[in-house]
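Student: Modelling step: build the complete structure from the supplied sequences, incorporating the hints.
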Amino acid sequence: MDFSNIDATTWATIWATISLVIFIGITIYYGLPKIVAKLLDERIAKIEEEIAEAKRLRTDAEALLAEYESKRAEAESEAASIVTAAQEDAKRLTADANVALTDMIARRTKAVEDKIAQAESQAVAEVRAKSADVAIEAAKILLTKQMSNKGDALVSKAIDEVSARLN
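Residue numbers are given in the working numbering: position 65 of the sequence shown equals residue 65, and the series is strictly consecutive.
Accuracy of the hints is not assured; some may be wrong.
[Claimed, not checked] In silico EDC-like links for lysine to aspartate or glutamate, alpha-carbon gap of 20 Å or less:
1. K145 / D160
2. K110 / E120
3. K130 / D160
[Unchecked claim] Computed spacing ranges between beta-carbons, pair by pair:
4. L57 / N98: 57 to 65 Å
5. R128 / N98: 51 to 59 Å
6. L20 / A61: 47 to 55 Å
7. K55 / W11: 53 to 61 Å
8. A100 / A139: 51 to 59 Å
9. A61 / I28: 28 to 36 Å
10. K55 / W15: 48 to 56 Å
11. V83 / R43: 53 to 61 Å
12. I116 / T84: 45 to 53 Å
These are computed hints drawn from the structure, not numbers from a lab. In this text, a Cβ means the ideal position worked out from N, Cα and C, and glycines have one as well.
Tutor: So, in structure tokens, the structure goes:
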């Protein structure tokens, strides 16, 4: 075999290959692949633990989300029932207020009508009394003029009779 035709690049490639084979042999001899495999296995186990933890956290988060969704639904339902109860109370209070207002208006209307009737009857009584007084005065004047000849006794008697009839 003639090695004189081999150039420097080829020799460099040959020595690099020999060095690589020796390096791989040494690393296998000292267990470097086992160490690398162990490190990789540890890293894989750590990643698997992190994945399991993440799954557990996700499950916990989903359970917590479901719980909060349930509580939110309950709160919405309670809020709706509170609003409904408030609306019913408002309707009931409005109806009660309308009834009370109607009753108050009726009572005040009756009181005003009673006062008007009382004032009316009082006015009629006053008018009658005044009319009686005027009639008595007119009769007195008329009788005085007509009876000026007969005397005071006859006039007094007539006035007493008229007063007795009118009252």
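Student: It remains to establish, for every hint, whether it holds in the given structure.
Tutor: Each hint tested on the structure:
1. Only pairs whose Cα atoms come within 20 Å are accepted, and K145 paired with D160 is accepted, the gap being roughly 17 Å.
2. With a C-alpha separation of about 15 Å, the suggested pair K110 and E120 falls inside the 20 Å cut-off, and the hint holds.
3. Restraint check for K130 and D160: the C-alpha separation of about 17 Å stays at or below 20 Å, so the hint holds.
4. Our hint of 57 to 65 Å for L57 and N98 holds, since their Cβ atoms are close to 60 Å apart.
5. Judged by the Cβ atoms, the range 51 to 59 Å given for R128 and N98 is violated: they are separated by roughly 44 Å.
6. For L20 and A61, the Cβ-Cβ distance of about 51 Å falls inside the hinted range of 47 to 55 Å, so the restraint holds.
7. Look at K55 against W11: about 57 Å separates their beta carbons, and that is inside 53 to 61 Å.
8. Checked against the hint of 51 to 59 Å, the pair A100 and A139 passes, with Cβ atoms roughly 57 Å apart.
9. Range check, A61 to I28: Cβ separation about 47 Å, and the 28 to 36 Å hint is violated.
10. Between K55 and W15 the Cβ separation comes to about 52 Å, which falls inside the hinted range of 48 to 56 Å.
11. In this structure the supplied range 53 to 61 Å holds for V83 paired with R43, their Cβ-Cβ distance being about 58 Å.
12. In this structure the hint that I116 and T84 lie 45 to 53 Å apart at CB holds, the actual value being about 47 Å.
The earlier numbered hints that this structure contradicts are 5 and 9.
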